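4 protein chains.
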Amino acid sequence: MDRAMKLKITYLLLLAVSFLSLPLAGQKKTLNIPDIPGYITLKCDFHIHTVFSDGRVWPTIRVYEAYRDGLDAIAITDHIEYQPHKDYLQGDLNTSWEIAKKAASDMNILLIHGAEITRKMPPGHINALFIQDAEELKDPDFMKDIEAAVKQGAFIQYNHPGWKSQEPDGIPKLYPLHKELIAKGWLHGIEYFNHFEYYPEVLDMCMEYNLAVMGNCDAHDAISDTYNGMAIIKSRPVTLVFAKERSIESIREALFAGRTAVWYEDQIAGFSEYTAPLFYNSIETGKPFKSDEKNIWFEITNKSDIPFQLINGPDGAPKQLTIPAAASVVVKAQKRYADEPLGYEVKNIITGNGKILKAEIRVPKE
Amino acid sequence: MDRAMKLKITYLLLLAVSFLSLPLAGQKKTLNIPDIPGYITLKCDFHIHTVFSDGRVWPTIRVYEAYRDGLDAIAITDHIEYQPHKDYLQGDLNTSWEIAKKAASDMNILLIHGAEITRKMPPGHINALFIQDAEELKDPDFMKDIEAAVKQGAFIQYNHPGWKSQEPDGIPKLYPLHKELIAKGWLHGIEYFNHFEYYPEVLDMCMEYNLAVMGNCDAHDAISDTYNGMAIIKSRPVTLVFAKERSIESIREALFAGRTAVWYEDQIAGFSEYTAPLFYNSIETGKPFKSDEKNIWFEITNKSDIPFQLINGPDGAPKQLTIPAAASVVVKAQKRYADEPLGYEVKNIITGNGKILKAEIRVPKE
Amino acid sequence: MDRAMKLKITYLLLLAVSFLSLPLAGQKKTLNIPDIPGYITLKCDFHIHTVFSDGRVWPTIRVYEAYRDGLDAIAITDHIEYQPHKDYLQGDLNTSWEIAKKAASDMNILLIHGAEITRKMPPGHINALFIQDAEELKDPDFMKDIEAAVKQGAFIQYNHPGWKSQEPDGIPKLYPLHKELIAKGWLHGIEYFNHFEYYPEVLDMCMEYNLAVMGNCDAHDAISDTYNGMAIIKSRPVTLVFAKERSIESIREALFAGRTAVWYEDQIAGFSEYTAPLFYNSIETGKPFKSDEKNIWFEITNKSDIPFQLINGPDGAPKQLTIPAAASVVVKAQKRYADEPLGYEVKNIITGNGKILKAEIRVPKE
Amino acid sequence: MDRAMKLKITYLLLLAVSFLSLPLAGQKKTLNIPDIPGYITLKCDFHIHTVFSDGRVWPTIRVYEAYRDGLDAIAITDHIEYQPHKDYLQGDLNTSWEIAKKAASDMNILLIHGAEITRKMPPGHINALFIQDAEELKDPDFMKDIEAAVKQGAFIQYNHPGWKSQEPDGIPKLYPLHKELIAKGWLHGIEYFNHFEYYPEVLDMCMEYNLAVMGNCDAHDAISDTYNGMAIIKSRPVTLVFAKERSIESIREALFAGRTAVWYEDQIAGFSEYTAPLFYNSIETGKPFKSDEKNIWFEITNKSDIPFQLINGPDGAPKQLTIPAAASVVVKAQKRYADEPLGYEVKNIITGNGKILKAEIRVPKE
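Residue numbers (the numbering used here), protein chains in the order written: chain R, 1 to 366; chain F, 1 to 366; chain W, 1 to 366; chain Y, 1 to 366.
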């Protein structure tokens with residue numbers, strides 16, 4: 001028997017081999033999400049915990065997970081008011097961010113300084129992102145904390161507004177306190193996806209009050225233990241940020257401008273202003289490769305990692321078309337569609353509560 | 001829309017939904033293999049059986065499998081001399097190709113007419129590809145069959161030359177009969193990959209005699225039953241053909257010109273003339289994202305579906321780098337590599353018996 | 001580089017190694033489904049097609065698939081009235097069964113002779129199982145065919161009664177013709193599961209008319225292409241037959257006696273007479289491993305390959321308990337449950353339309 | 001209940017549902033490893049790290065992982081001399097064990113108190129298991145630490161003896177210091193499997209010096225991140241302990257008596273005294289189900305989760321037989337094997353350096 005375990009090359013490919021000695025798999029998965037005109041699309045997660053609040057992993061793990069999962073940016077957002085491990089720990093409310101910083105710099109991950117202000121409803125749980133010092137956010141008076149965060153330049157996010165532990169009917173609501181924040185310009189985004197949940201009403205709220213729609217993992221355990229056992233899931237919830245460039249400052253600018261969409265499993269949600277170009281930049285329609293007297297045959301290719309399900313197709317064409325990530329589908333349609341667009345709705349691109357994206361497929365000329 | 005996550009969409013994505021009523025999954029997987037300068041890269045399988053010889057699936061299945069697997073072209077190559085099901089079948093040696101033709105035309109699969117001339121060693125098993133009529137290839141005199149095929153314009157391929165049932169030591173050899181074929185210009189390619197096997201010596205033979213290196217599945221059962229149970233395998237063996245355009249005639253031209261490489265699992269084999277540009281078009285090296293007094297940090301991204309394993313790296317840089325398909329890796333290297341190329345060998349690109357591709361990684365300037 | 005591909009032993013485990021030279025993976029998966037008191041539980045599929053009707057695989061494949069999938073028995077049931085490949089085939093309506101017979105005898109698979117009588121609705125599609133000669137079943141008069149089948153000793157099964165191609169509202173119904181069959185004793189079972197579908201009303205119909213509930217795959221392509229791409233699915237639909245012994249005659253006796261349940265994905269359906277003992281023989285409850293003043297802690301183990309989801313638990317105990325196949329779950333419950341049974345409902349064991357199994361968990365004494 | 005298949009149940013099955021609110025998946029996988037005559041077989045991992053040394057997960061995670069992975073017992077063995085996070089932590093060398101204790105008691109996991117004495121070679125890294133107080137093991141004098149551990153009743157394990165960071169040629173050796181420990185009765189076991197490595201020479205060393213063979217994960221990150229990405233791996237390395245009962249004291253007794261074997265991937269290693277009954281209790285051979293003049297056909301079933309690869313079979317029977325976990329294989333053999341045993345070797349049960357288990361298959365009489 002050979003000394004070395006006889007492993008297939010495939011097996012070796014899964015192991016870290018760089019001399020950076022990564023504690024996790026040493027490679028970054030490419031997430032194919034297209035840019036949109038004028039902006040690059042960054043994959044971000046703005047809500048993550050570590051042992052420094054009630055999480056169960058060391059801060060550096062969050063960086064290595066983000067790298068492996070193909071993200072551009074994360075925020076570590078430990079609870080200010082809830083730290084069950086504090087008898088065993090030293091440091092202050094900025095420590096988890098400080099520990100993660102060097103790892104982030106080594107891995108080209110943009111690390112955003114954050115904290116979760118954790119109160120009963122209302123206001124519930126609120127993330128302050130892009131802060132300078134979380135130690136300034138521990139006043140018992142909630143409004144003082146938000147004011148301090150805003151002074152530091154923070155983007156304020158309302159977390160999991162339909163979480164049943166705080167909102168028993170599961171329906172997200174804006175309480176007077178939230179509306180007061182909005183009136184002051186102190187609330188900037190709301191989570192639509194959190195952990196395994198989603199809150200359909202959030203998209204309309206964001207539209208009405210001009211807020212950014214957000215999607216984050218809120219993980220307390222290892223990401224692999226939280227999501228990857230479910231093989232059908234491509235990604236944890238992420239916020240797609242349409243930014244001018246790949247930098248923390250540019251993400252901050254995009255968030256304040258509301259240029260986001262959210263992605264979890266097979267669902268995209270966001271205003272059609274952003275999700276329509278995302279769809280059109282994901283899809284490529286080929287010239288007809290066959291035709292007869294009545295019909296043309298052509299292919300639609302999905303270049304992205306988001307599967308699309310087209311429904312309510314027009315007469316003389318498929319009623320439904322499912323195009324998985326990185327896949328094509330052959331379409332047979334009546335000859336007139338060589339000239340006319342085919343109107344569909346994209347079932348898994350949600351643009352409002354009960355609304356989905358309308359899209360047109362145009363077959364290119366020979 | 002239900003408040004609860006609609007998981008069913010994921011499930012539907014796996015089902016055929018087009019009104020073409022496909023018997024198999026109705027979508028085509030994209031295989032990301034880059035083109036090379038001057039040519040497009042077509043994914044082809046030139047050796048497949050059906051119930052019309054000793055296979056166990058109907059000819060149309062071969063087309064739907066090719067579509068699902070992301071191939072551009074296949075040849076159906078039933079045995080001329082071995083047809084164990086013939087008491088139950090009607091038709092002639094062209095029937096399997098004829099049955100598959102309409103399905104191929106509907107699915108944009110290029111279907112090549114072929115047949116396998118099946119003799120004891122030597123010559124062993126020989127595929128005639130791009131034929132007109134297999135009925136002309138059933139003379140007991142082998143040389144007459146080859147002559148007839150060549151007259152039809154056929155490309156002649158020597159199949160699985162190291163198959164132990166015919167070559168007990170497993171080492172492929174060119175017998176006098178094969179050399180006679182070569183001398184007459186009647187042998188044009190040899191299989192390097194067949195089914196689950198490979199024959200390292202074939203690459204040097206092809207180099208010496210100016211033949212095309214070929215890789216094919218030789219499947220008799222469903223492709224899913226043959227390969228997909230092994231989840232670690234991305235693809236059945238395929239021949240990558242560097243063609244001027246996507247057409248049967250263009251594939252034929254490329255094969256006669258020897259412009260091929262072969263791919264199976266994590267291995268690519270082919271002359272460096274073709275595999276070097278394939279590698280360079282797969283890889284993208286980013287500008288340094290970090291540097292200190294001694295080192296730079298940068299990323300190498302693999303845009304293809306072929307994982308690469310770089311070995312024998314230079315001093316002051318990682319000795320090994322593994323870059324899975326659709327993934328990136330962070331590299332930390334000495335500062336001088338901002339200016340000098342990093343020399344590696346690509347362990348899984350085989351360019352000759354015992355030889356692998358040498359490649360240089362160049363870090364772009366700011 | 002070694003001549004032999006360096007494959008892990010795991011990889012080799014997936015390949016056929018017996019000298020029977022199986023065309024498919026050469027091992028049989030064990031399906032852990034418990035026996036019930038007085039009977040052994042056989043896993044059967046009574047509805048499968050081959051190239052000899054509108055299927056696309058050779059008959060022997062159906063045997064090898066059944067072996068690999070861990071089944072005990074299958075029926076090959078090609079259509080009598082629909083044979084799109086017949087111009088290319090020779091033989092009669094018994095040929096597919098005859099071809100499969102030797103393979104079945106080699107693999108210890110019980111092969112049942114069957115045929116599908118294929119008419120418009122009503123009666124729709126009807127399987128005759130345990131027949132002697134399908135050639136006697138091709139009279140245009142449907143009733144004559146059923147009579148001939150019954151004379152041969154056949155078990156008559158009504159297939160996919162809610163299939164939308166024949167029953168546009170998707171709701172299965174018994175037409176006067178079906179009731180006439182029942183009155184004559186000429187209808188013996190109805191499919192509850194077929195392919196990817198299920199028909200909730202069938203269980204009550206079977207109860208009312210004393211028929212066997214049936215679940216079958218109705219596959220036309222390879223089973224791997226039909227089901228296995230969906231990794232979450234453990235099995236194609238199967239009929240669990242509670243038989244006196246492992247023989248064709250014993251399966252026939254059990255079917256006529258209505259001793260069946262059906263299994264697909266995570267769902268079991270059947271009369272509680274059979275599904276209750278199936279559940280109790282699958283589950284093992286351990287003694288408390290911990291207790292304090294208020295609670296006991298104990299484990300429930302699921303020894304079967306069917307996951308169970310217990311719901312509507314009693315006060316002072318978990319409301320829900322999910323016990324995957326071959327797994328255990330820790331339960332913390334109030335101390336009184338050391339003496340009293342815990343009442344649950346088993347969400348995924350369906351005993352009637354809208355009804356699920358009630359079950360009691362009893363914690364054994366120290 | 002919806003007419004459409006409720007796929008969501010499958011999804012829910014993956015989530016924790018008990019009111020214990022587990023942070024990880026709430027169910028325990030059953031590992032089917034048979035008991036052997038006189039002993040029960042416990043699955044144990046005696047080498048694991050947490051944030052309290054150089055690990056990156058909280059101690060409770062180690063308990064939940066062990067539960068999910070189907071283990072009976074674990075030891076948390078943080079380094080005494082290497083604690084890179086200590087500036088951020090409070091507590092002493094027993095703290096990680098204390099934190100994990102309540103979780104272990106809730107989950108029925110046997111939690112063994114341990115520590116890793118971490119020195120340069122020799123002696124290298126040494127685990128003290130079943131200790132009372134790790135604070136007594138921090139004397140700079142190595143021998144004093146071992147003496148203190150032994151006084152506490154510890155089992156002393158030599159860790160990863162061929163780890164290249166300490167043993168550049170990768171070959172494990174017993175240095176004079178190790179032999180001194182053995183002479184004093186202060187060394188009781190050596191790791192054969194550690195993390196992803198194995199050390200073939202260890203089995204013979206254990207045989208010569210009457211030590212227990214050990215196999216452990218030595219994980220620093222989440223187990224899912226360390227092993228589960230490699231889907232082909234059933235388990236982290238574990239030590240199978242043949243114990244009189246399921247208790248910490250009984251494990252300790254078995255370790256001192258050397259009653260262990262080790263399991264990782266598809267490999268079992270251990271003295272044939274234990275691995276032979278493990279094999280025979282895993283395997284069940286059926287009566288012949290078919291025979292003709294020359295041959296019998298019968299099935300061999302593997303009831304365990306360890307795949308077996310039988311090689312060097314006798315004349316007139318398969319040379320090789322591969323029986324995956326929870327699977328059967330059909331065997332065709334000459335008629336005389338109805339009476340004579342079939343002699344095989346079990347390729348993946350290693351009984352010494354270069355030695356594998358010899359085993360006999362006996363076909364039962366009708």
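Source of the hints: derived by calculation from the structure; they are not laboratory data. A few of these clues could be false.
Said to hold, decoys possible - Cross-link-like lysine-lysine pairs, in silico, DSBU-like; alpha carbons within 35 Å at most:
#1 F/Lys347 with Y/Lys355
#2 W/Lys319 with Y/Lys86
#3 R/Lys102 with F/Lys347
#4 Y/Lys86 with W/Lys287
#5 R/Lys43 with F/Lys287
#6 W/Lys120 with F/Lys102
#7 R/Lys101 with F/Lys303
#8 W/Lys244 with Y/Lys365
#9 R/Lys29 with F/Lys144
#10 R/Lys294 with F/Lys102
#11 F/Lys319 with Y/Lys120
#12 F/Lys86 with W/Lys287
#13 F/Lys151 with F/Lys184
#14 F/Lys287 with R/Lys303
#15 F/Lys365 with R/Lys43
#16 F/Lys319 with Y/Lys86
#17 R/Lys290 with F/Lys319
#18 W/Lys102 with Y/Lys244
#19 W/Lys287 with Y/Lys101
#20 F/Lys294 with R/Lys244
#21 R/Lys101 with Y/Lys101
#22 R/Lys102 with F/Lys287
#23 W/Lys303 with Y/Lys347
#24 Y/Lys102 with W/Lys365
#25 Y/Lys151 with R/Lys86
#26 W/Lys335 with R/Lys86
#27 W/Lys365 with Y/Lys294
#28 F/Lys144 with F/Lys164
#29 Y/Lys319 with F/Lys164
#30 F/Lys358 with R/Lys29
#31 R/Lys164 with W/Lys358
#32 F/Lys347 with R/Lys290
#33 F/Lys101 with R/Lys365
#34 W/Lys303 with Y/Lys358
#35 F/Lys164 with R/Lys303
Claimed, not checked - These stretches of chain W come out as covered by chain F in the derived footprint (C-beta under 8 Å, 3 or more residues):
#36 57-64
#37 107-119
#38 251-262
#39 338-346
Being a predicted model, the structure only gives us computed values, none of them experimental. All residues carry an ideal CB built from backbone N, CA and C; glycine is no exception.
A quick look at each hint next to the structure:
1. F/Lys347 with Y/Lys355: With Cα atoms ~32 Å apart, F/Lys347 and Y/Lys355 stay inside 35 Å; holds.
2. W/Lys319 with Y/Lys86: Status violated; Cα separation ~42 Å.
3. R/Lys102 with F/Lys347: 32 Å, holds
4. Y/Lys86 with W/Lys287: 41 Å, violated
5. R/Lys43 with F/Lys287: Roughly 20 Å separates the two Cα atoms, so the pair holds.
6. W/Lys120 with F/Lys102: Satisfied, since the Cα-Cα distance of roughly 28 Å is no more than 35 Å.
7. R/Lys101 with F/Lys303: The given pair, whose Cα atoms are some 28 Å apart, holds under the 35 Å limit.
8. W/Lys244 with Y/Lys365: 22 Å, holds
9. R/Lys29 with F/Lys144: 54 Å, violated
10. R/Lys294 with F/Lys102: 17 Å, holds
11. F/Lys319 with Y/Lys120: With a Cα-Cα distance of about 26 Å, the restraint between F/Lys319 and Y/Lys120 holds, given a limit of 35 Å.
12. F/Lys86 with W/Lys287: 64 Å, violated
13. F/Lys151 with F/Lys184: Holds: F/Lys151 and F/Lys184 sit about 13 Å apart, inside 35 Å.
14. F/Lys287 with R/Lys303: Within the cut-off at roughly 25 Å; holds.
15. F/Lys365 with R/Lys43: Holds. F/Lys365 to R/Lys43 sits at ~26 Å (cutoff 35 Å).
16. F/Lys319 with Y/Lys86: Holds, at about 33 Å.
17. R/Lys290 with F/Lys319: 51 Å, violated
18. W/Lys102 with Y/Lys244: Measuring from Cα to Cα gives roughly 49 Å; hence the hint is violated.
19. W/Lys287 with Y/Lys101: 21 Å, holds
20. F/Lys294 with R/Lys244: This hinted pair holds, its Cα atoms lying about 31 Å apart.
21. R/Lys101 with Y/Lys101: Within the cut-off at roughly 32 Å; holds.
22. R/Lys102 with F/Lys287: 19 Å, holds
23. W/Lys303 with Y/Lys347: Status holds; Cα separation ~29 Å.
24. Y/Lys102 with W/Lys365: 24 Å, holds
25. Y/Lys151 with R/Lys86: 34 Å, holds
26. W/Lys335 with R/Lys86: 33 Å, holds
27. W/Lys365 with Y/Lys294: 55 Å, violated
28. F/Lys144 with F/Lys164: 27 Å, holds
29. Y/Lys319 with F/Lys164: 16 Å, holds
30. F/Lys358 with R/Lys29: Judged against 35 Å, a Cα distance of about 25 Å means the pair holds.
31. R/Lys164 with W/Lys358: 28 Å, holds
32. F/Lys347 with R/Lys290: Outside the cut-off at roughly 42 Å; violated.
33. F/Lys101 with R/Lys365: 26 Å, holds
34. W/Lys303 with Y/Lys358: 31 Å, holds
35. F/Lys164 with R/Lys303: 42 Å, violated
36. 57-64: holds (count 4)
37. 107-119: violated (count 0)
38. 251-262: Coverage by chain F is violated here, the residue count being 0 at a Cβ distance below 8 Å.
39. 338-346: Our answer is that it is violated, as 0 residues pass the Cβ test (under 8 Å) against chain F, missing three.
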